[in-house]
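**Q** Build the full structure now, drawing on both the sequences and the hints.
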Amino acid sequence: MEMAVNSVSPSEFDSSTPPESSEKNLQPFFILHKASSRSSHRRRIHLSPSKSVIKTDDLLLRMEAFQSVWSEIHSASKDVLRDINTSAFNDIYHWVRQSFHAITSYGMPGFGQATRSFPLLTHATSKQLFTGLVLTKNMEFVDDLLTFEELGLCLKSHGCHVANLSSTDFSAKNGIGGCLRSLLRQFLMVSLDAADMSILASWYREQGNYNSPLIVIVDDMERCCPSILSVFILTLSEWVVKIPIILIMGVATTLDAPRNILPSNVLQQLCPCKFVLGSPAERMDAVLEAALLRQCSMFCIGHKVAVFLRNYFLNQDGTVTSFIRALKIACAQHFYMEPLSFMAGALFEEDNQGFQGERNVLLEGMLKYASELSSPDSDTRAEQIDTTLTCRLRELKRLQKCWSSIVLCLYEAGKHKIRLLDIFCEALDPEAYNSVASDNHTGLGKGFGISTPSDPSMRQQCFTMRKGGFICQAIQKVRLLPEASLSQLLKSWENLTVDIYEIHDKVKELQSMVKLEEGRISKEDLTDICILCSNDRRHASWRRLNIESSKRINEKAASLIDCMVRDFLRPIECLPFHEIGCFRNVEKLQLALIGDPRRRVQLDLLEFHKILWCSCCSRSCNIPLPSMPDTSIMYTLAQEHGDLINLPEWFQSFKTIISHISTKGKRKTKQSMLPKKTKYINESEDKSEASIQARFCRAVTELQITGLIRMPTKRRPDCVQRVAFGL
Amino acid sequence: MGKEESPQVTRRTTRSSSSAANLDNVAEKTKAKDPPPPTLNDLLFGEEKPITLDDLLSSFPGRRVQILELLRILGPVNCPMLPVFIYGGTSTGKTSIILRIFAHLNRPFVYSSCLTCYSPRILFESVLDQLLLHRKSAANGYSSAKRCERPSDFVNFLREALTSILCNLQGNSGNLRSKKLEGQANGHMIYLIFDNLELVREWIKSNTMLPFLFNLYDILKMPEVGVIFISNTSPDTYYSCMGYVEPTPVYFPDYTEDNLRQIFMRNQSNKKLYSSFLDIVLKPFCRVTRRLDELSTAFSLLYKKYCEPLSDQGIVPNEDMKRRLFSQLQPHIASSLNEIFRVISLPSAEVGATKKPKRKDTTRKSGGCEVPDQLDFHMSTSAKYLLISAFLASRNPATLDASLFDSTGGSDSRKRKRKPSEKSKEHKETAEQESLMKGPGTFPLERLLAIFQCITSVAADEEEQENDGLGIQAGDNSLMSDVLLQLSSLCNASLIVKGGSCPLDGSTRYRSTVCEDMTLQVARSLKFPLSKYLYRG
Amino acid sequence: MGRENPAAEEALCLLRSRLCDPNFIFKPLSDSPDSNYSKLKFMISSSITEACNNSVLLLGPRGSGKVAVLELVLRDLLLEYPDMISVIKLSGLLHSEDVCAFKEIARQLCVENQLLFSKMASFDDNSQFMIAMLRECGLAHKTIVFVLDEFDLFAQGKQRLLYSLLDAMQSVTSQAVVIGVSCRLDADQLLEKRVRSRFSHRKLLFLPPSSEDLQRLMEHILSLPIDSSLPQDYAVEFNAKLQNVLADKRFKVIIDTYMNSDSTANHLLGFLFRAVSNMKLENGFLTLENFEAALSNVQRQPKLESLKDCSIVELYILVCMKRLEVKEQNSYNFNSMMKEYKSIHDSLRTPDYYSRSVCLRAFEHLLQRELISFTDKRGQNQSVEFHPVKLLVSFHELHQGLKSYRSCPAILQKLMAG
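Protein chains in written order, with my numbering: chain A, 94 to 820; chain B, 297 to 833; chain C, 236 to 653.
Hints may contain errors.
[As the list claims (entries may be wrong)] In silico lysine-lysine, DSBU-like type, Cα no more than 35 angstroms apart, as pairs: (1) A:570 <-> B:823; (2) C:543 <-> C:649; (3) C:577 <-> B:734; (4) C:612 <-> C:562; (5) B:442 <-> A:266; (6) C:428 <-> C:274; (7) A:266 <-> B:734; (8) B:734 <-> A:807; (9) C:476 <-> C:262.
Worth flagging that the hints you see were computed from the coordinates, not collected in a lab. All figures in this text were calculated on a predicted structure; none of them were measured in a lab.
**A** Encoded structure:
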């Protein structure tokens, strides 16, 4: 299938778009393969040398900008992913300590007894094997490969002996010996051909490490061969008194999995305890927050891209890994294709060292910018750019910061109910913004002035009044928030909006109001108590008043977040110079992520003329013509059949189509040479007959190779089956 | 094996723990790396002083008959014996009793369990290692004394080892005549114990291994060697690999109800309270199982529940207190009678105090009980659709696909479905019988994909109706894209299993193993009308 | 242990060591002129004296003392003709595959002739070594006796060992006797043609002892020697009591009930062993009770025992399966059993109706007890509940089990009946 992607899709794009851009289309693959230098080299071939020099060096500039930005994003996301697990890991370690004490409470056997072959006679329950079932809330296993390694490291760092087994060790082929062998290999660092538990016991005793448990981590329980796993568990449980072994198993689906996999006598040996890792949705939000919102690396993504990523996450594979990969691709593509993007790097650098250092770079950048600026409105103001530019860029940065902090505020408001990803997508939506903005306010779409938009209500509508919009849900939630959580919310807002002064002040005063409220309530509770409420009517009135007051505060908070949304939630795509940091090209990302090879193969077979650009059959939309390539003729014919294609019929129809041209040819020959035509004809006949069969066979094999049909089965010798789907 | 916590055991464990303690504080300073070299006494059970017969009998309630029988068979010192075959259900105290008996007789023996020794080679080598007083260690690279895989080599090695050991023992017993040494082996016979013999039947070489083991005594022709087999299953289950003279059998029956009571009553701190507890629980549980291990796990949790309302555990319960305790234990009994596997999730502090059992344990294959309304783990949408379509493909007969999944999305599938429901009764019964027998059916990849396509297309144009603010435009048409990936990951999660290949054409077939409840959850999470497509015979 | 009665203990030891020593057992059976002992001895000794090759099959049911008699013969011959015989013993259980068979032969030959045996020697080396040794011994007029225990196991596979042995024996120089011991009466039918043609079809058939033989045998085994370290009066009294027991009618009955299942000598030994080990050391005499106890010890009914061990739920499952079989359901599995169980519960409200998981556990218990089993080897990806099973106990046994079960619910009896 990879074959198919690389072979088919670029060729198609060669035809559809001018060659230089087709190079760009190739980029995702190259960048995925870390071959950026090579790609730049390829560019030089196409462009005129003088230009190419500049191209290459500003390409390099952009590449290192990419490096810096991406490394930032990457490290941030890695950290946040690690932090998500820490609490679960701590729980696990705590439990490990407890179970270890429970095991050793039976009395630690001496060397002799531990290495003896016969079991120690103790409590019946002492044969139970403490087992942690770690629910990795995701059917896909990719994200958790790392998780369990880290769990192992974490436990190692606490001084436990850890062995990580995976389902490959529990294969029916190697049997129980296989997993014991790998167990010993990890504990003893020796590989033995005859591995048994007694070796482990004597090793454990030799090391003189009686006060640390042995921990066996099985990454993915569902994938293990059940019989082997159960034998393994039984073996461990026979030795658990002599060797304090604790088992940790990753469960991808539900807690029913062990019940379904293991027989009851094995379940009997387990003393299970469950732990839950962060669900992929939470991880997603955390990664998103860390990568795109928290630290303002100038890179961000457009609305369409965001929606695409969201759907990709929900529909295709819900792994954070793939999401990060997608981000990386987007980032790389952006920095590769967007001429201005190096300034993002510069702006990003600015945080670290002063802006002046980069100035010259910037100016040079400006010149190029003037020459080949892609944003529509820039050419008019080309002359005054370099004077005002730096502050504009700062402005851009500031606005983006505001935007992200507002989004985070919304997220805080709708925490645990509304996914950050959704808010993020909605907040990025430019139509929602422009739809209202464009008609009343001219300057906004391209407006440089930070003119605080007039007529806010309208725009506020566009975000908040959208039915079922996540943002307005969040605001609703603020209205209904109880006091305690409200004050918490305000605190978080305070932290979030430190660098948006006006909002910060508003939040502050709101907080003070809340404090005052609480003070009053508490005070009046005191009064309630001291006046041990003689008449409850008055008391009730107090209460009502409290409730109203708290309501009032909620209202204030809601209106505050409202106006935040109104004033500062300007989608990045509506800001000037957004091209610098914002990646908007969905198609390329989609192409890179979802190759969808089968679909593309079939498409290309049906609409081959888009690729070939031949005059003869571009006009014919779907009627097979003899001039078409055989494979596409065959495939077009196959469309008429069901998913079982009768070979003779197929051949007949194929022959009829092909034979048009042959008859034509015949006629020509007929005119040309009258003598010995009969011989000529019939030989051409059988020749064409043979050649048609040959072509037919070749086409069928090609279709089979591309995986669209399956060869005839014993049951139906005269039919091929089509495996075609995706169209 | 069974719960034979005897006074000796406690004494021993304490002693051993203390020895362990001083052993590892030796480990701090001087070299404790190399343990004391193994001696003949390592073939003994390792008590300082052999336990008396009375202790032995008292420590195993309800096993008096078996113990005496075994003692008679083993006979007085230095008199040969025919092979013995000890059999009985799990946790009836076979292993522990035979070991205790040897501790009592203080005779040398070699124990090897066919569970730990999972292959002939390892079994042979462990026996030889024990006989040759060889201990695997870092020094010898954890290798065994002799490498032997074939029974023939094993017999030769075994002869050598036994003869050397036996002449050692005779030497011992020689000077043991003169003065009774402490902790010396009694007599000059050695016993080979093979535990978990029933497992050998699953070995690859079982058809040669078992006759060999059973004939070992005749092959060796050494009267000083006693052979003892311990097995979970009765001798008649070995007839398949007959070809030996049957060893003399000793049977360990399961504990009766009052045996169990005695066993549970042993070393309880508050006997009164516990007996009142047992009055409640023992009878109902014994109707379900009489296995010691299963009962003890169930009881340990139940007893905590039982004691929860009590302030001090030392209290002697009077009648009405018993009644109260019983009344509030009642529900827990009912629940834990019906569960076999309880997963605790500990929030924090010491385990046991804050155990809260998961209340979905009654479902093993989730045989119809309450299930959480939404799926509690993440699946991508296409994986969900794939799961559903696999479920349908497994449940529906392939002949009905055309009627169920036509372009109208099964809207008219109702009247199609009426037709089979008019079929005659017994036919339906047989069909139902079939489904009971065969379980979920298998299906080829093509069918799965076809159904998948139908479902997703239907879902897609349903999506068109209510398409909320964030367009799903990128979503559905590309659901198809990496469906094979999704399929493989479903197989990995063992929600779909690769069945055997179809006999006619070699294509591999699949089968969905998910239960209906889970599929319903998935369908609910997609708002997918599963019941509309499900064919009910 | 009680050393209160040393004489009794010594007697016990003596008897047990006798029981464990086949040579002693089969001594009395072998003195008569037409016994297998004398036939075999005559054959081998003649082939020694006439320096010719020979081969014979000792056939008979397991435990009829083939090997023991052979041992006796060889022992006596070794005494008669010192250093004219060397005996090579192989067992089909150990050396069924040719490689280790030849290796073992070479090893024993080396031990016999004080040669140095190399473990590294290859298959061909060993076989050639054997041929060479055969020739050498033939020249030295030394007979090599090959004893092939479990002969039928050598006959499976390519029979290279048998072929090369018998082929080597065709040559005049060699001087060897091949004695095959097998409990399969058709052992020689298993041989390939090329092997069978080289094999002399001499067979000795070992029949289980007749009843009077048994009587003699028991006397021979159980009676104490008068002239020994044992106190004489004790021995005499012991023998007298023994005679009484042996003469007793009830004892005859016991012996017959025991021996009619399998009347070989070794079978008897197992019984006598239990009886002897049941002997009370206090009085130190064999009594009839010992034998009765031994009978109950040795003759077991595993199915009934494990039926007694079953819990109520397991009994329910068994009964349900029985009912299914009565309904002529050709095959059924856990699910159909559960259906039946549920229907029973619905029809007559049984007190013990448990969850599916518990029933499945009970089902697995039954599988472990081998009261039920899967009808065929279970496939890897088909779970337990779908796999067809069958009962391993007959209806009669099940009925008996239910009757003998303490506190068996009456409903079960009824269900069992109808």
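**Q** Next, verify each hint and record whether it holds.
**A** Hint check results:
Simply put, residue 570 of chain A and residue 823 of chain B have alpha-carbon atoms about 25 angstroms apart, close enough for the 35 angstroms limit, and the pair holds. Between residue 543 of chain C and residue 649 of chain C, the direct Cα distance comes to roughly 18 angstroms. Compliance with the 35 angstroms bound is thereby established for this hinted pair. Taken as a hint, the residue 577 of chain C and residue 734 of chain B pair is honoured in the structure, with Cα atoms around 20 angstroms apart against an allowance of 35 angstroms. Between the alpha carbons of residue 612 of chain C and residue 562 of chain C the distance comes to roughly 25 angstroms, so the proposed pair stays at or under 35 angstroms and holds.
Taking the CA atoms of residue 442 of chain B and residue 266 of chain A, the gap is about 26 angstroms. The hint holds against a cut of 35 angstroms. Restraint check: the Cα-Cα separation between residue 428 of chain C and residue 274 of chain C comes to about 27 angstroms, which is no more than 35 angstroms; the hinted pair holds. Restraint check for residue 266 of chain A and residue 734 of chain B: satisfied, since their Cα atoms lie roughly 27 angstroms apart, inside the 35 angstroms limit. A hinted pair counts as satisfied when its Cα atoms are at most 35 angstroms apart, and residue 734 of chain B with residue 807 of chain A qualifies at roughly 25 angstroms.
Straight-line distance between C-alpha atoms of residue 476 of chain C and residue 262 of chain C comes to about 24 angstroms, which keeps the hinted pair within the 35 angstroms bound.
Checked against the numbered hints given earlier, the structure satisfies every one of them.
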